[in-house]
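Visitor: Below, each chain spelled out in residue letters.
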Amino acid sequence: EAGVAQSPRYKIIEKRQSVAFWCNPISGHATLYWYQQILGQGPKLLIQFQNNGVVDDSQLPKDRFSAERLKGVDSTLKIQPAKLEDSAVYLCASSHRLTAVPTEAFFGQGTRLTVV
Amino acid sequence: AQSVAQPEDQVNVAEGNPLTVKCTYSVSGNPYLFWYVQYPNRGLQFLLKYITGDNLVKGSYGFEAEFNKSQTSFHLKKPSALVSDSALYFCAVRGSSGNTGKLIFGQGTTLQVKP
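Chains A and B supply the protein sequences, listed in that same order.
Per our numbering, the very first residue in the first sequence carries number 1; after that it's consecutive.
Per our numbering, the very first residue in the second sequence carries number 1; after that it's consecutive.
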């Protein structure tokens, strides 16, 4: 089974510029997550989709971050404008679907963003 | 509020020795607990999970974890460490009441296995 695909792997931008990340989840996985992992910290959930609907975006800085999941499959995460503190690894993950008994999430390799 | 604590930033063990990476949690309701491993420049890789049942959970690569409800702990263990086990390990929790499946991660513990 193919894993979660993310692109690009690395991105360097100047502050105030915009950037977008792409994620293709495992086929058939209804739930998709975007996590932010700052160096030295554990991943923090930014947004969670169930199919193409948002389930949780409580920690998404909505003044600069946006995300969408087209047709319940691929997803893009955008930052506009970027700040220095957005430098982090952005991880996409997917799981089968939300159930009372949780299944594990499968993670992509991540996109390392450096804002200079 | 849900939270996870990994009290050790780094654990050092010699190859062949047993290893333990500690994790404690706080959730409302029954906890669902996970361990993930992250190798350099890689995404997180699922190791094992506790949902219900036997307190000792076995996972990938010879790892196991013991759920202790009274101590609210879920320590990761391996009887004999390998140099290739050196990586960053994350404990995560999801509570069973009123949640949307969101995993809360600890800050991570770096495991260093020396030959």
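Think of the hints as simulated: they come from the structure by calculation, not from any bench.
Values in this document were obtained by computation on a predicted structure and should not be read as measured data.
Glycine included, C-beta positions come from ideal geometry on N, C-alpha and C.
Worth double-checking, as some hints may not be accurate.
Rough simulated footprint, nothing fancy, chain A against chain B, three-plus residues with beta-carbon under 8 angstroms [said to hold, decoys possible]:
| id | region |
| --- | --- |
| 1 | 22–30 |
| 2 | 66–78 |
Residues from chain A shown here face chain B by an in silico Cβ test under 8 angstroms; the list is partial [as the list claims (entries may be wrong)]:
| id | residue |
| --- | --- |
| 3 | Ile38 |
| 4 | Asn51 |
| 5 | Asn52 |
| 6 | Gly53 |
| 7 | Pro61 |
| 8 | Phe65 |
| 9 | Leu91 |
| 10 | Ala105 |
Visitor: Honestly, which of those hints from before does the structure not fit?
Guide: 1, 2, 3, 4, 5, 6, 7, 8
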